[in-house]
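Chemist: Here's the letter readout for the chains.
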Amino acid sequence: MDDLPPNSDEMTEAYLRLLTQHDRWLATYVYSLVPRAADADDILQEVKVTMWKQFAKFELGSNFRAWARKIATNQILNYRRAVQRHPSAQLEESFIEAVAAEIDRRADGLDHRAEALRHCLHKLPEAHRKIIVWRYYEDCGIEEIAAKSQRSAEAVYQLLSRIRGMLNDCVSRELAAQP
Amino acid sequence: MKHDDRIERALEGLLPDEDWQALQAEIVRDPELRAAYVDRVWLHSHLRAERETLVELLDEPTPIRRWPVAAWAAAAAACVTLVASALFLRSKPTVATLVQAENCKWAGSDLPTAVDSKLSAGTLALVEGIATLKFKSGATVTIEAPTKLEIHDAMHCRLLEGSVVAEVPESAHGFTIDTQDMKVKDLGTRFGLTAGSAGNSQVHVFEGEVEIGGLPGGEPKRLKQGKGLNVTSGNTTAGQEPTRGQQKQESGGWTAIPTSFGRGKDGYARRGDGGAPMGTHPLIMVKHSDIEAGRKNERRGFITFDVSQAATRNVGEAQIVLDPEPSGFGFSALVPDSRFAVYGIADESLDAWNEAEMRWDSMPACTDEGPVPAQVRRLAEFWIPRGGSGGPLTVRSDALAEFVRQDTNGLVTFIVVRETGESDPSGLVHAFASKEHPSARPPTLRAK
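Residue numbers (this note's numbering), protein chains in the order written: chain X, 1 to 179; chain S, 1 to 448.
What the hints contain is simulated information worked out from the structure, not anything from laboratory work.
This one's a predicted model, so the numbers in the text were calculated from it and none came from an experiment.
Be careful, since some hints might not be right.
Computed Cβ-Cβ distance ranges for the label pairs, DEER-style [unchecked claim]:
1. S:Ala399 to X:Ala14: 44 to 50 Å
2. S:Asp19 to X:Ala38: 14 to 20 Å
3. S:Gly188 to X:Glu143: 26 to 32 Å
4. S:Gly228 to X:Asp39: 48 to 54 Å
5. S:Leu215 to X:Lys57: 43 to 49 Å
6. X:Asp39 to S:Glu250: 30 to 36 Å
7. S:Asp30 to X:Lys70: 23 to 29 Å
8. X:Lys130 to S:Gly188: 35 to 41 Å
9. X:Ala66 to S:Glu250: 58 to 64 Å
10. S:Ala293 to X:Lys57: 29 to 35 Å
11. X:Ala14 to S:Pro16: 44 to 50 Å
12. S:Glu250 to X:Ala14: 36 to 42 Å
Simulated pairs of lysine-lysine, DSSO-like, Cα-Cα distance not exceeding 30 Å [stated by the list, open to error]:
13. S:Lys296 to S:Lys221
14. S:Lys224 to X:Lys53
15. X:Lys148 to S:Lys183
16. S:Lys118 to X:Lys53
17. X:Lys70 to S:Lys248
18. S:Lys224 to S:Lys134
19. S:Lys296 to X:Lys53
20. X:Lys148 to X:Lys130
Even for Gly, the Cβ is constructed at its ideal location relative to N, Cα and C.
Using the sequences and the hints given, assemble the complete structure.
Modeler: So this is what it looks like as structure tokens:
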């Protein structure tokens with residue numbers, strides 16, 4: 001039991017400040033490593049609890065994201081190992097490690113992509129924005145959107161995939177245009 | 001930029017498993033595909049993470065509730081519990097209020113919980129105590145530690161593990177609680193529901209009626225007052241063969257020996273086992289009942305440690321550490337604070353019990369009535385309060401150290417029994433992680 005939670009108000013406040021500041025980024029990071037896990041939010045919560053337990057070891061003023069990335073990746077690997085026992089577990093592990101390394105390598109670039117995305121979303125035609133809101137804000141699955149919009153599931157998938165493709169291209173263009 | 005439709009399909013969970021695995025393997029190998037994948041998955045994940053702000057896209061003046069950092073930090077400093085629970089639930093609408101908390105400890109925290117906390121969708125993990133949530137729909141849900149509950153909205157939650165009792169007024173008819181095995185829809189009642197960390201769900205209707213969906217058969221079932229239903233998830237009856245554990249030197253001169261080390265073993269037997277051994281279950285279940293209807297559910301735990309690599313002759317202190325886990329059976333509200341006893345088996349020829357074959361009629365050093373006095377020594381007792389003890393339990397006594405010192409064959413075997421009965425046959429079955437448990441710590445003997 002070497003990682004008891006740190007226990008002063010100051011530490012708590014420092015942790016909460018850093019976490020608030022990087023909350024969305026951390027969620028993006030965790031979701032990116034386990035995009036197909038139905039329990040991605042549980043994993044995210046476990047990561048935050050683990051970070052809190054180990055916060056005493058974090059050096060204030062050093063790179064929070066780098067520290068958080070390391071903890072999150074380990075936690076995700078541990079979690080997947082615990083729940084997953086089929087033969088592809090080994091593959092999934094090397095996959096998670098490869099993707100994590102790629103994200104680490106491109107950390108700054110991905111930040112810029114996230115900023116540009118904001119811009120690009122507003123450029124979408126209204127019908128497309130609606131699909132994005134259904135899919136992400138209301139957290140609807142393809143089937144639900146199909147029911148809402150009276151399209152086939154395959155048609156919704158094609159549309160959503162096209163919208164994301166457009167956003168991705170838009171983001172790349174915005175970044176290329178920047179000095 | 002390389003475009004691959006499989007990536008988009010994978011993100012929506014539409015890619016069949018074998019194709020997904022092939023894609024994963026290619027992503028590991030091919031840097032260009034990996035870069036394309038990261039672009040797409042990052043975009044998708046970023047939209048997920050930013051979901052709250054996306055509504056602005058529709059030009060609807062929906063206010064986004066968000067606590068200012070300072071107020072948030074102050075509140076959490078006053079009650080660090082928020083770090084474990086409400087903190088991750090921020091800026092979503094309130095769906096329930098924590099109206100009562102008895103001796104509660106929540107995951108990641110050891111401070112008391114603030115009563116009157118507003119809860120939105122998210123997960124609550126209660127490690128110790130009993131807490132009551134009042135949903136906006138009017139439904140009241142009492143959760144008993146150890147429990148993990150996922151709150152979806154005012155009419156819907158999911159029990160990941162542990163046990164809850166729900167009271168549902170007319171305004172909230174249709175209130176639903178899911179488990180891994182079933183979906184319980186309330187039709188005006190009071191009911192209890194449990195889910196084990198390794199499968200098994202059990203529902204019991206105290207008053208009124210419920211409808212159960214999501215069953216293996218497909219057809220929903222109705223259950224009336226006084227009735228119960230038990231669903232065992234097929235894939236979890238036997239635990240995983242664990243990786244073998246190690247004997248460890250810990251600080252302070254302690255040697256820690258898990259049951260997963262060497263020839264160690266653990267398991268339990270149930271009186272009504274119908275001849276089926278339970279030795280490789282991920283949980284060691286223990287229960288005692290003086291009530292006729294509960295007799296068949298009597299359970300005793302057996303634990304053997306391999307001490308052949310330890311200097312037992314010099315042991316001055318000894319402890320057994322057990323990690324309590326939800327069993328998925330019974331309600332702690334129906335069992336008072338419970339006393340357990342640990343016996344050591346003195347007859348060393350009985351150390352050779354077989355984990356994979358032990359049944360109620362072949363338990364070492366026990367008859368149907370209990371441990372055989374001539375073959376065992378009562379070494380220690382411990383208590384688990386109603387609502388759980390939170391975290392691992394440590395059992396220690398001089399008699400325990402003495403027992404370990406006297407070992408001559410490198411194996412020490414213990415029997416764990418509960419001595420406290422129950423007020424109703426639906427009373428709680430206590431459980432501890434065995435070495436087959438996928439995540440919790442196996443029983444461990446510590447000596448120095």
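Chemist: Please check whether alanine 14 of chain X and proline 16 of chain S have a Cβ separation lying inside 44 to 50 Å.
Modeler: With Cβ atoms ~46 Å apart, the hint holds.
Chemist: Taking 36 to 42 Å as the hint, is the beta-carbon distance of glutamate 250 of chain S and alanine 14 of chain X inside that range?
Modeler: violated, 31 Å
Chemist: Do the beta carbons of leucine 215 of chain S and lysine 57 of chain X sit within 43 to 49 Å of each other?
Modeler: holds, 47 Å
Chemist: Holds or violated: 58 to 64 Å for the Cβ distance of alanine 66 of chain X and glutamate 250 of chain S?
Modeler: violated, 31 Å
Chemist: Has the given pair, lysine 70 of chain X with lysine 248 of chain S, been kept, meaning a C-alpha gap of at most 30 Å?
Modeler: holds, 26 Å
Chemist: Between glycine 228 of chain S and aspartate 39 of chain X, does the C-beta distance stay in 48 to 54 Å?
Modeler: violated, 28 Å
Chemist: Are the Cα atoms of lysine 296 of chain S and lysine 53 of chain X separated by 30 Å or less?
Modeler: violated, 43 Å
Chemist: Against the range 23 to 29 Å, how does the distance between the Cβ atoms of aspartate 30 of chain S and lysine 70 of chain X compare: consistent or not?
Modeler: holds, 25 Å
Chemist: At the C-beta level, are alanine 293 of chain S and lysine 57 of chain X separated by a distance inside 29 to 35 Å?
Modeler: Since the Cβ atoms of alanine 293 of chain S and lysine 57 of chain X sit about 52 Å apart, the hinted range of 29 to 35 Å is violated.
Chemist: Is 35 to 41 Å a correct range for the gap between the Cβ atoms of lysine 130 of chain X and glycine 188 of chain S?
Modeler: holds, 38 Å
Chemist: Are alanine 399 of chain S and alanine 14 of chain X spaced within 44 to 50 Å by their CB atoms?
Modeler: holds, 48 Å
Chemist: Within 30 to 36 Å or not, the Cβ separation of aspartate 39 of chain X and glutamate 250 of chain S?
Modeler: holds, 33 Å
Violated hints, in rising order: 4, 9, 10, 12, 14, 19; the structure is consistent with all others.
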